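Chains as they are written, first to last, in this note's numbering: chain A, 1 to 229; chain B, 1 to 201.
Wrong hints could be hidden among the right ones.
Below, computed lysine-lysine pairings styled on DSSO-like, alpha-carbon distance capped at 30 Å [what the hints assert, rightly or not]:
1) Lys12(B) to Lys73(A)
2) Lys73(A) to Lys104(A)
3) Lys73(A) to Lys114(A)
4) Lys114(A) to Lys104(A)
5) Lys70(A) to Lys12(B)
6) Lys148(B) to Lys73(A)
7) Lys148(B) to Lys70(A)
8) Lys110(A) to Lys73(A)
9) Lys70(A) to Lys104(A)
On the chain A side, residues computed to face chain B include the following (Cβ under 8 Å) [said to hold, decoys possible]:
10) Gly65
11) Ser69
12) Lys70
13) Arg77
14) Phe83
15) Ala100
16) Gly102
17) Ile106
18) Ser109
19) Glu112
20) Ala149
21) Arg177
22) Gln181
Below, a sample of chain A positions facing chain B; criterion: calculated Cβ distance under 8 Å [to be verified]:
23) Gln184
24) Phe212
25) Gln215
Source of the hints: derived by calculation from the structure; they are not laboratory data.
On a predicted model such as this, the values are computed, not experimentally measured, just so you know.
Note that CB positions come from ideal geometry on N, CA and C, so glycine has one too.
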Amino acid sequence: MELPEIQLEQVTVSFEDRTVLTDITLTLNERRIGVIGANGAGKSTLSRLLNALVIPTSGTVRVGGLDTSKSAKQIRRDVGFVFQNPANQIIMPLVADDIAFGLKNIGLSKSERKVRVAQTLDELNIGHLADRESHTLSGGEQQMVALAAVIAMQPRTIVFDEPTTMLDLRNRLRFQREIAQLPQRAIVITHDLEILEDFDRVLVVTDGIIAFDGQPADAVDHYRQWSHV
Amino acid sequence: MIAGLNTSYLAKLPAGLKFGALLIVSIGLYLIGSWQILSVLLILSVIVLLSARVNLRQLRMPLVTLLLILGIVFVSLGIQTTWDSALVSVLRLLTMCMFAYAVSLTTTFDAMLELFQQVASPLRHVGANPAQISLGLSLAIRFIPELKRVYLEVREAQHARGLANNPLAVAVPLVIRSLRIAEDTAEALEARGYDSAEHSN
Chain A
1 MELPEIQLEQ VTVSFEDRTV LTDITLTLNE RRIGVIGANG AGKSTLSRLL
51 NALVIPTSGT VRVGGLDTSK SAKQIRRDVG FVFQNPANQI IMPLVADDIA
101 FGLKNIGLSK SERKVRVAQT LDELNIGHLA DRESHTLSGG EQQMVALAAV
151 IAMQPRTIVF DEPTTMLDLR NRLRFQREIA QLPQRAIVIT HDLEILEDFD
201 RVLVVTDGII AFDGQPADAV DHYRQWSHV
Chain B
1 MIAGLNTSYL AKLPAGLKFG ALLIVSIGLY LIGSWQILSV LLILSVIVLL
51 SARVNLRQLR MPLVTLLLIL GIVFVSLGIQ TTWDSALVSV LRLLTMCMFA
101 YAVSLTTTFD AMLELFQQVA SPLRHVGANP AQISLGLSLA IRFIPELKRV
151 YLEVREAQHA RGLANNPLAV AVPLVIRSLR IAEDTAEALE ARGYDSAEHS
201 N
């Protein structure tokens, strides 16, 4: 799978009079990228820039050469997003219908949707959840369904916003394994430092800037030192 | 109540056909005044329901509630009119409900929404948008249990703080958390490719 390059050029994001990210310039090419930092540092805003949920106040974000401020729809097909709380991401009352929701939005026929949903559920070994009502799922199951809904869209990049925060140890390990096996690029915003061990690159966000950019072990050391100050 | 996996002959029929037939049967039932014929039709509706292999466990609570309501209707009608006409009315309602269960439990939610969009498509001429209305319906069904869960959490938290009898102490956090859920869901809709501008055309 050829992965699209993600470029941020002098990106600043402000909400009303508060600047959340300041002058960020980055090129993301790696397959596994982690983003860590304190609460309110700007991690979630950074993640939302990547699939056009947030548009920069100044500067540009390009995914595979497409500008997020002009081609949001195309970019969202290529960059999936798994939210911190899967309960709010699951939109339809039934699991299979929820996974089909995004596919319907991109114009797949009913039969194509059916095949794609079954394939995705099989891929993640959650075929047994297909006919369950969404509100009856456990937290771990909800997170797997949210991931399935994103994978079904066949994006080349998936952004995870603190995906393991609401999971117990067993589900966290399962989810971690699933992320490791994904052929897609995974950009994981997390407080869970263990998950980053095998990553290619980790960014540390502090007060709206990239305070460190490098290998996981070095990034985690940097973050730990900063946290002790 | 949402239809689970059902592969019976009824599930294979188009939703429009099933709901159309249900409408005709419901009107037809009101033309029948004989309790004997209605009893036969009730037995037929139960056969249809059973042959559709619906999940009977899913039906248990709604059926108990329905029978309770019909019991009250039967007694009050019997006192006000005659016991014969009360029996006819109750048999009519029960038969209609059995057919309705057979249809709704063998039709997927997605198929119902599609049918709704087709039926409501003339509303476009008066500025309404069936696609958006059907999304609104599905979101309402999806999030009612979620809001109930949030309500119970808030009530429990306020109970722990000794504020169990203060409606405002429950209502304010409930509204704030509901708005937060709405905001997150709107963001998720956007992230999952839902284009409200496109759906409003």
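Next item on the list: Run the structure past the numbered hints and jot down the numbers of the failing ones, going up.
Entry: The structure conflicts with hints 1, 5, 6, 7, 10, 11, 12, 18, 19, 21, 22, 23, 24, 25, although it agrees with all the remaining ones.
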